[in-house]
Every structure is written in structure tokens, then in C-alpha cells.
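As a plain string of letters, each chain reads:
There are 2 protein chains.
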Amino acid sequence: MTWQEKAAGKRARLAALIPHDLKLPTLPGPDVLDVTTYPLDSVLSPRDLEITDTADVAVLLERMSTGVWTATEVTSAYYKRALVAHQLVNCLTEIFIDQAMVRAKELDEHFKSTGKTVGPLHGLPISLKDQIDVKGVELTMGYVGWIGNVSKENSVCAQLLLDQGAVLYVRTNIPQALMFGESRNNVFGTTSNPFNRNLTCGGSSGGEGALIALKGSPLGVGSDLGGSIRVPAAFQGLYGLRGSYHRVPYAGSTNSMEGQEAIPSVLGPISCSVGGLKIFMKAMADAQPWDADPLALRLPWNEGAYRLGDHGGEGGRLCFAVLWDDGRCKPMPPYARALRETKAALEAAGHTVIDWVPYESETGGKLLGDIYNADGGHDISLACALSGEPRMGWILDEHAKHLSTYEYWQLCRAKNAFTKKHLEHWVNTVSATGTGRPVDAIIVPAGSTAPQPHGKAQYIYYTAFANLCDYVASVFPVTACDPAVDAQLPAHAFRSEADRMVYEMYEPETYRGAPISLQCVGRKGEEEAVIRMTEIIDAALKTKTKK
Amino acid sequence: MTWQEKAAGKRARLAALIPHDLKLPTLPGPDVLDVTTYPLDSVLSPRDLEITDTADVAVLLERMSTGVWTATEVTSAYYKRALVAHQLVNCLTEIFIDQAMVRAKELDEHFKSTGKTVGPLHGLPISLKDQIDVKGVELTMGYVGWIGNVSKENSVCAQLLLDQGAVLYVRTNIPQALMFGESRNNVFGTTSNPFNRNLTCGGSSGGEGALIALKGSPLGVGSDLGGSIRVPAAFQGLYGLRGSYHRVPYAGSTNSMEGQEAIPSVLGPISCSVGGLKIFMKAMADAQPWDADPLALRLPWNEGAYRLGDHGGEGGRLCFAVLWDDGRCKPMPPYARALRETKAALEAAGHTVIDWVPYESETGGKLLGDIYNADGGHDISLACALSGEPRMGWILDEHAKHLSTYEYWQLCRAKNAFTKKHLEHWVNTVSATGTGRPVDAIIVPAGSTAPQPHGKAQYIYYTAFANLCDYVASVFPVTACDPAVDAQLPAHAFRSEADRMVYEMYEPETYRGAPISLQCVGRKGEEEAVIRMTEIIDAALKTKTKK
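Chains as they are written, first to last, in UniProt numbering: chain A, 1 to 547; chain B, 1 to 547.
Rather than coming from a laboratory, the hints here were simulated on the basis of the structure.
No experiment lies behind these values; they were computed from the predicted model shown.
Careful: at least some of the hints might be erroneous.
Any copy, or any two copies together, can satisfy a pair, since identical chains are not distinguished.
As the list claims (entries may be wrong) - Using 27 Å as the maximum straight-line C-alpha spacing, the simulated DSSO-like pairs for lysine-lysine come out as follows:
hint, residue 1, residue 2
1, Lys6, Lys23
2, Lys152, Lys421
3, Lys456, Lys421
4, Lys401, Lys6
5, Lys420, Lys152
6, Lys420, Lys135
7, Lys421, Lys135
8, Lys542, Lys116
Please take these sequences and the hints and turn them into a complete structure.
Okay, here's the thing in C-alpha cells:
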């Protein structure tokens with residue numbers, strides 16, 4: 001069998017898992033770009049729609065914990081909508097709804113017999129990026145050569161989610177090797193952006209972004225090595241969180257370039273509601289991942305930190321700093337508008353907003369690229385060689401030199417010297433904030449580009465600097481591209497090839513309606529505080545919109 | 001100049017820093033093995049002796065914070081005794097007492113004018129391993145090629161110690177590249193064990209061990225990559241602590257094989273009193289190292305954890321497990337006696353003591369060795385090549401292959417798989433403890449050998465498994481080798497070359513009077529709980545001795 005035949009076989013098996021009664025009678029034609037409003041009432045009941053239209057994860061949980069909805073009907077509603085979403089944007093890689101329904105029934109029986117929930121995530125359907133192992137479910141991570149690879153054990157993440165009451169039911173699409181900001185591979189093809197199918201859903205957790213935007217999941221788990229949670233969250237107008245290294249347990253999940261620990265990839269949530277971020281992180285921390293993952297930090301949920309104990313306390317005046325341009329690559333025009341709107345909203349809410357002075361983006365970006373490419377692509381080449389499938393993507397350099405261990409150590413050393421300087425740069429802002437503290441968080445574009453047309457590259461340092469420095473970074477939605485106000489600007493003096501590329505890629509009509517999101521970036525280990533600050537920013541933006 | 005001439009020049013400059021009035025009129029002859037009781041009254045005043053004989057760091061601090069002693073007189077007493085210690089066992093590498101006395105005077109003036117201490121370490125002289133940078137002080141780390149290298153900035157560790165009120169005054173000897181368990185290099189030569197100068201002080205923080213044992217310092221900072229804090233603490237009957245990765249800030253200090261982050265070396269305290277461990281760790285955590293070190297964890301001192309919140313609470317029954325033999329290499333006979341005595345003391349204090357089942361020591365030991373040797377010794381070869389000095393030591397393999405980055409990543413991956421299994425092994429002890437918790441801590445020999453004669457190798461896995469798994473491990477003294485009771489045993493079936501080596505190295509008379517110490521090993525991130533449990537064990541041993 002050729003690799004193409006193997007991949008086609010896998011896709012056919014996946015398609016066969018969609019029951020006949022969940023197949024859309026007519027699929028939207030290629031001219032239908034926005035499928036978020038595509039009518040679903042031919043396959044979903046009003047009850048299914050009511051459940052899955054719930055915009056707040058806390059409300060979903062509350063309805064199940066009070067017996068208003070059962071886990072079975074919530075699971076059923078979400079898996080149906082997930083299978084429909086897949087027909088619209090090609091977002092799924094694995095479907096295991098039989099396992100999910102058995103699990104949901106167990107939860108309902110427990111609730112019926114004890115009157116109690118199993119845990120804080122009781123009944124919540126949670127979708128998973130196609131690298132988080134679930135016992136008995138095939139895991140290909142988009143590699144043709146991995147077709148047939150069935151996980152023997154739950155990853156720690158999957159197990160702890162189950163322990164806390166969650167229901168696992170689908171996994172979602174990713175780019176080859178998880179190593180570029182789209183979601184396209186030789187097994188499952190390309191996932192599209194539900195708001196405009198000519199555009200990418202982003203990546204690498206792009207299937208999650210597309211699925212959650214289409215309400216096929218209220219909360220998903222992605223991973224982030226350079227923006228892989230945040231880019232898809234941003235490109236679909238969702239909320240996402242990249243916590244610090246080893247806060248959410250990674251053990252037992254699969255990854256590309258495993259053993260690369262200079263910049264560890266982290267798992268984290270993407271959700272339709274900002275509350276979803278807190279619910280996930282709190283449930284995960286309270287599940288004591290350090291009992292199962294040897295690298296997980298012994299850090300229970302810290303309510304004092306969430307109450308902004310290190311930031312003047314709840315209700316105090318915060319000082320944010322805005323990163324308008326990192327000095328290397330100007331973000332597309334809608335980002336400047338989103339930053340202005342957010343700054344105004346925060347000021348209206350009584351906070352201070354100053355400018356963030358970018359710190360050596362070129363040096364930081366080069367360090368990231370060199371570390372990503374340190375094995376000269378050997379890991380990915382081996383995985384592709386299993387089937388003969390071609391390599392794809394635009395982050396890894398096919399001509400990168402395979403470094404020796406000593407050379408790799410020098411990179412790690414340079415990284416630590418750089419991040420020390422970056423931290424000093426942050427701490428030194430204490431003189432400019434007026435709060436007696438350094439900047440509480442940085443407001444940063446979630447990328448240089450709006451969700452771009454398929455097959456185009458991005459400049460990733462707006463998200464990736466947080467991976468390099470291990471800063472905690474959330475994504476929150478602000479606006480959408482509007483050709484009426486987001487006109488192209490006159491060309492500026494380009495500081496890099498990426499600067500030119502991003503400038504030339506912008507053409508307002510192409511991006512009409514595409515979500516534009518920002519990041520709230522806090523210091524290493526500040527998951528709780530960043531979630532709270534994201535809630536504060538989100539509330540400020542919503543208050544301003546209402547006025 | 002040859003490397004020998006350069007090294008001799010450096011040693012001469014160091015010797016010249018010892019004032020004439022601090023030179024011992026007669027040095028003990030080579031037949032004087034135990035120099036801990038060598039008379040010092042020819043160079044130290046009764047007041048100097050009274051101060052430096054203070055066995056408890058808390059008492060020292062209390063006397064300064066209440067004005068009984070000044071920082072100046074305490075600093076002066078300790079530096080004098082340090083310079084004397086150096087004449088007995090060759091433990092120092094850098095002497096910067098002028099800087100120290102300026103600092104001490106500042107502290108005294110602050111105290112005099114405000115009535116307050118500068119911080120929790122007010123006036124405490126702290127010695128540093130020869131890798132912790134102090135601004136303006138030469139740092140060679142024992143490499144001839146680094147002679148003349150003066151630090152431009154304080155390391156974060158040194159700076160935070162100063163911020164907390166400490167006085168820095170000397171640095172101490174180490175093995176070449178910090179990579180074997182003695183303290184010998186081509187610049188400074190060999191440091192001896194003050195209890196028996198035919199024996200090693202251990203390493204790599206061996207100068208610290210020897211200096212503190214001779215009361216030339218109440219507390220020192222070492223580093224630990226395989227036992228380098230614990231071995232010298234153990235070999236001198238002191239207390240030491242290896243915390244988890246990134247709890248004590250390493251940034252700005254120098255290291256060999258920098259960039260090796262698979263098993264990060266950690267800094268930590270060695271002290272004459274168990275209280276010194278807490279004082280150091282609390283002061284360091286409360287100094288917020290995360291504001292200066294990009295890898296430091298945001299973890300203030302956790303008093304609840306110190307009160308054993310995760311171990312049944314203060315005053316509860318604990319369950320310890322004893323590691324008698326790791327299945328690869330039998331410790332020398334005095335260790336079995338020390339373990340028996342400690343088990344009996346803990347049982348007498350109402351705690352439970354079960355046996356620890358060793359977990360795949362051969363696999364773990366091989367992973368450690370492979371990671372240490374991953375660069376094929378390139379880092380060390382480059383440092384030696386600067387001067388032409390020869391390599392030395394017995395941990396790094398001169399014929400090790402220099403791995404590619406991909407090969408190195410596979411090692412890191414194997415390490416994470418192994419430590420996950422090791423953690424499961426620990427967590428599964430819950431069924432055997434009777435407390436409802438897994439084993440609270442493991443009691444482990446601090447090495448396979450008692451402090452061995454100079455130039456002999458050790459088997460290091462008794463300490464190094466904690467580095468591999470990132471377990472927190474303290475050292476506490478138990479007894480001393482006593483030929484009357486610690487007879488050689490009949491040969492057993494050797495499980496490894498190390499097993500034979502350690503067996504054949506034992507001959508009771510050689511080790512007469514040598515300190516024998518054990519470790520208290522807790523889980524990753526349990527610095528506070530391990531310190532408390534060490535205090536509990538120490539008290540139990542002292543109670544038993546009194547009876």
C-alpha cells in the first residue's frame with residue numbers, strides 16, 4: 001500500500017464512524033465561507049442545540065450538578081454537534097463516542113445513586129488534541145506511519161480529567177509534527193476556519209479551535225510550544241491558556257521531538273468561555289498531577305494568587321503594558337485597533353496602560369528557531385520515513401544542521417542568558433508603572449497575522465516569546481476584521497523578511513469577519529493571576545461594548 | 001608559562017592572603033589524621049572560639065539580632081577560623097575578607113542606627129562553593145585556564161544572600177569540572193577530610209564540607225548534580241539539602257556542562273545544624289528568586305508544608321521506608337548499623353518504618369551516566385585545553401561518544417519514562433504504610449562508601465537517584481565508623497563491578513572515626529516537609545543517644 005492509500009483508508013474509517021442520521025443532508029458549497037451559522041436543525045434536536053449553545057462552561061456544569069441535564073444528554077448533544085462540525089471544517093481525527101456514552105452513563109448512575117457528582121468536571125465533554133493518549137484509541141498524530149498505533153494507557157492528562165468527572169469523546173486535527181501554525185497533515189488533510197473556510201483555523205491545536213468555535217466541544221485540551229494553543233484560540237475568537245512548564249501534566253501524552261526539554265511544550269485549555277480556563281486549571285491542579293507525572297510541579301490551585309495577592313489585591317488598580325510592535329514584524333492593521341480598544345476599555349475601568357518596550361525580538365526569535373531545529377529535523381524525518389510521506393510545514397528548516405549535544409547545550413545556555421535579561425527588562429518596569437510593582441501583565445497581539453489563507457506562513461514570535469521565557473499567556477477575543485475600518489497602511493521600512501511578508505499578505509477583504517484576539521501575558525508561574533486578569537480585561541471589553 | 005606554573009602562581013597568591021598572625025606556628029604532621037581538635041588558641045581568641053563553636057545557626061543569628069554580638073566580630077571570628085582550616089585541610093579557593101569586613105560594618109551601622117536587622121540572615125557569614133559568582137572576585141572553578149577570570153556581577157544566589165543580610169567571605173574547593181565525589185583539581189590540589197586526613201572530604205562541594213566541619217563557616221552553599229551537596233555533608237557529619245530543580249536560584253553562577261538541563265544541578269545549603277537548612281531555604285524562598293532567575297519557581301516558603309500538611313500534620317505518625325541495599329551495590333557495613341539505629345530511634349518515637357523495595361537501580365544508574373557523558377566530555381576537554389592541564393576524575397568516561405541532539409533527546413525521553421515508573425513505584429507504597437499515604441520519606445545511605453581514601457572511586461547511585469527523579473533529599477549524621485562493631489562481612493555475590501569495588505575497599509581500621517550519615521528523601525517539591533522530617537529524625541536519634 002502507498003502512503004496515500006493508507007491515509008485514505010484511515011480517513012474512510014473515520015468517516016464511517018459518523019452515523020447516517022448525523023450526516024448533513026446537504027453540505028455547504030465552497031462559496032459558503034462562514035459556516036458558524038449553517039443550519040443544523042436537520043440533524044440536531046432543539047434540546048441538543050440548547051445544550052451546545054450554552055456559552056459558559058460553569059453553567060453546563062451547574063446544570064449537571066443539579067440534575068437539570070444528565071451527562072448522557074450533554075455528551076450526546078456535544079458529540080452530535082462535533083460530528084456535524086467535522087463535516088463542515090474537517091476538524092476530527094478520532095471519534096470514540098461509544099466509550100464516551102459508557103462513561104456518561106456511569107456518571108449518571110453515580111449521580112442518581114449518591115446525589116453527588118464524581119468531581120468538579122462531572123459530565124463535561126472535553127475534546128483532546130491528537131496527541132493526548134486515551135486507552136484503546138488509535139493515535140496517529142497525523143503521521144501515516146503511525147496509523148494503527150493504539151494507546152495502551154491513558155495519558156496522565158486524560159486520566160485526571162476522567163477522575164475529575166469529564167467525558168472524553170473525540171480528538172482533533174493538527175499539523176504534521178505539530179510544528180506549524182495551521183492544521184494540515186498527510187493523514188487527515190486540512191482543517192478550515194469556521195468563520196471563513198478560505199482561512200486557516202491556525203495550529204497546532206487547530207482542530208480544537210475549529211471544533212469549539214462550532215460548539216462541538218465546550219472545552220478542549222491543546223498543547224503549546226510556540227503558540228499552538230493561543231493561535232487557534234485567537235483565530236476562532238475563543239479563550240486559551242498557555243501555563244508555565246510542568247503545571248499541567250504532559251506525561252503519557254505523545255509529542256514530536258520528545259526529549260526536547262529546553263523549551264518544553266505545555267498542555268492547556270481552549271474554551272468558549274473565560275471561565276473554562278479557570279475550571280480546567282483548577283480541576284487539573286487539584287487532581288494532584290505530581291502523583292502521576294514526575295515532572296509536574298506540586299502546585300495546588302492557589303486562590304490567593306487568583307485573588308491577585310501579588311498584584312495589589314482584588315479590586316486594585318493594575319498596570320498593563322501594550323506591545324504594539326515587537327520591533328521585527330508589524331502586526332496586521334486590525335491588531336492595532338484591537339489594542340487601542342482594549343487599552344481604552346482598561347483605562348475606562350480604572351487601570352493604567354503604558355507602552356511595553358520590546359526586548360531583542362530578533363535574538364529571541366533566532367534562539368527559538370535554533371532550538372526547534374536542533375536535531376536537523378531528524379525526529380520528523382524518521383516519522384515520515386515510516387510511510388514515505390513527504391514533510392510539510394514552514395517552521396522547521398529542511399536544511400537545518402543536526403547539532404551535537406555540546407552545541408545544543410550552548411543554545412540552552414544562550415537561552416537562559418537571554419531569558420534572564422528579558423526578566424530583568426520586565427522587573428525594571430517598576431519605575432514606570434506608578435503601582436510600586438513591575439507591569440502586572442503585557443497585552444500582546446495573539447499573532448502578526450489575522451487567520452491567514454491556507455498554506456501561508458506566520459511570524460510566530462508574538463506568541464513564542466512566552467514559550468521561550470516561560471511566561472503565562474492567555475488569549476481573549478476582542479474584535480473581527482472589518483474592511484471598513486481596518487484599511488491597509490502605507491508600506492513602512494521593513495525590519496525583516498517576515499515584516500514584508502505579513503505586510504504584503506494583508507488585504508482587508510480577504511480577512512473580513514476573521515476573529516482578532518489578544519494575549520494577556522504574565523510572569524512564569526502566574527496561571528491564577530493571569531486567568532483573573534483575563535477575566536478583568538474581558539469584563540472591561542464587554543462593559544465598553546455595552547456602552 | 002606552563003599550566004603547572006600558572007597553578008602554582010594562583011596558589012601562592014591565595015596563600016599570601018593569609019595574614020601572618022593567622023598562620024599556625026606549627027602545622028600538624030602527616031601522622032596527625034584527625035585535625036578537628038587541633039589546638040587553635042595560638043591564633044584565635046577565646047571570643048573567636050566561643051563564636052565559632054556555636055553549633056546552631058539560629059543562635060548565631062539571634063545573638064546578632066539582639067546586639068549581643070556584632071556582624072563584624074562574628075565575621076572576623078569565622079574568617080580567622082576559615083583561614084586556619086585552610087592550613088589544615090586545604091579547603092579554600094578564594095579569600096575576600098576585605099569585602100566581607102566592609103559588608104559587616106555596613107550591617108553593624110544599619111543595626112546601630114535603626115535597631116533593626118537588614119534581613120533574616122543579618123550578619124551570618126556564608127561560604128560559597130567555587131562556582132557561585134561574587135562581583136569582583138576571581139572564579140576559576142579549579143580550571144587552570146580560568147585563572148584571572150573575575151566575576152563582573154553577583155550571581156543571583158550571592159545577591160539574594162547579601163540582600164537578606166549575609167556576609168560573603170570565602171569560596172571553597174571542588175573537583176575538576178565538579179564531576180567526581182572528591183575535591184581535587186589542578187589549580188588548588190586536594191582537600192582532605194578533617195576527621196581523617198587520609199580520607200577524602202567528598203565532593204563536589206567538598207571544600208564546604210571540610211570548612212564547615214572545622215567551624216570555619218556556619219553555613220555554606222554547594223551544588224548537587226549527583227550528590228555533590230550530600231556527599232560532603234555526609235562525609236563530615238553535617239546537614240545538607242538537595243532541593244528540587246529551580247527552587248534555589250542558579251542563574252549567574254558558573255557551572256560545568258552548562259546547558260545540560262535534563263538533570264539540572266541545584267544549589268543548596270550545608271550546615272553544622274539542621275536548623276541551618278531551614279534558615280537558608282526560607283530566606284532564599286522569601287527573597288523571591290523568581291524576580292531575578294528566569295528558571296526559578298514562584299514558591300515562597302510554605303509553612304503549611306513544613307508543618308507536614310501533606311503528611312498527616314504536625315505530631316502525626318509518619319511512615320518511613322529504609323533502603324538497605326539498592327540491588328546493585330551493597331553499602332559498607334557501618335551504613336547497615338546506621339540504618340538499624342535510625343529505624344529503632346524512629347520506631348521508639350512512634351513512627352512506622354518499613355523496607356523500601358529498590359527500583360531498577362541499574363537502569364537508573366545507566367541513564368545518569370549516559371546523560372553526564374552525552375557531550376563526550378567536550379565541555380571539559382575545552383576547558384582543559386585552555387591551559388593544557390590534564391583531565392582527572394572517575395565519573396566522566398574519557399571514551400564516551402559525543403551524542404547528536406536527537407540521541408540526547410532519546411536519553412531525556414528515556415529518563416522521563418523511567419522517573420514516571422519510579423514515581424508510580426513510590427505512590428504504590430500506599431498499600432503498605434498503614435497511614436493512608438504513600439511512604440512519607442525514604443531513609444537511604446548517603447553513599448555506598450564511608451569517606452574513602454583519596455583517589456578512590458565511589459558508587460554514586462544512592463545519592464544520584466534523587467537527582468534523576470528530582471526528589472528532595474537531606475543528609476543528617478548518625479554515627480562514625482567503629483572498627484569494634486563495623487567488621488567486614490563475608491563476601492557476597494557481587495551484582496556489579498562497583499559492588500566488588502566497594503566491598504574490597506572496606507577495611508575497618510582505614511575508616512576509624514569517619515562520619516556515617518544517612519539521607520531523608522522526599523518527593524519532588526517537598527523541601528519544607530523534608531526539612532521538618534529531618535528535624536524529626538535528628539531529634540529521635542538524639543533522644544535515643546541520651547537514653
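Evaluated hints:
1. Lys6 / Lys23: The answer is within: 24 Å in one copy meets 27 Å, while 82 Å across copies does not.
2. Lys152 / Lys421: between (44 Å within a copy, 15 Å between copies)
3. Lys456 / Lys421: neither (33 Å within a copy, 43 Å between copies)
4. Lys401 / Lys6: neither (31 Å within a copy, 39 Å between copies)
5. Lys420 / Lys152: between (41 Å within a copy, 16 Å between copies)
6. Lys420 / Lys135: Between copies only: 17 Å across, 41 Å inside.
7. Lys421 / Lys135: between (43 Å within a copy, 18 Å between copies)
8. Lys542 / Lys116: neither (35 Å within a copy, 50 Å between copies)
The structure fails hints 3, 4, 8 (numbered hints given earlier, in ascending order).
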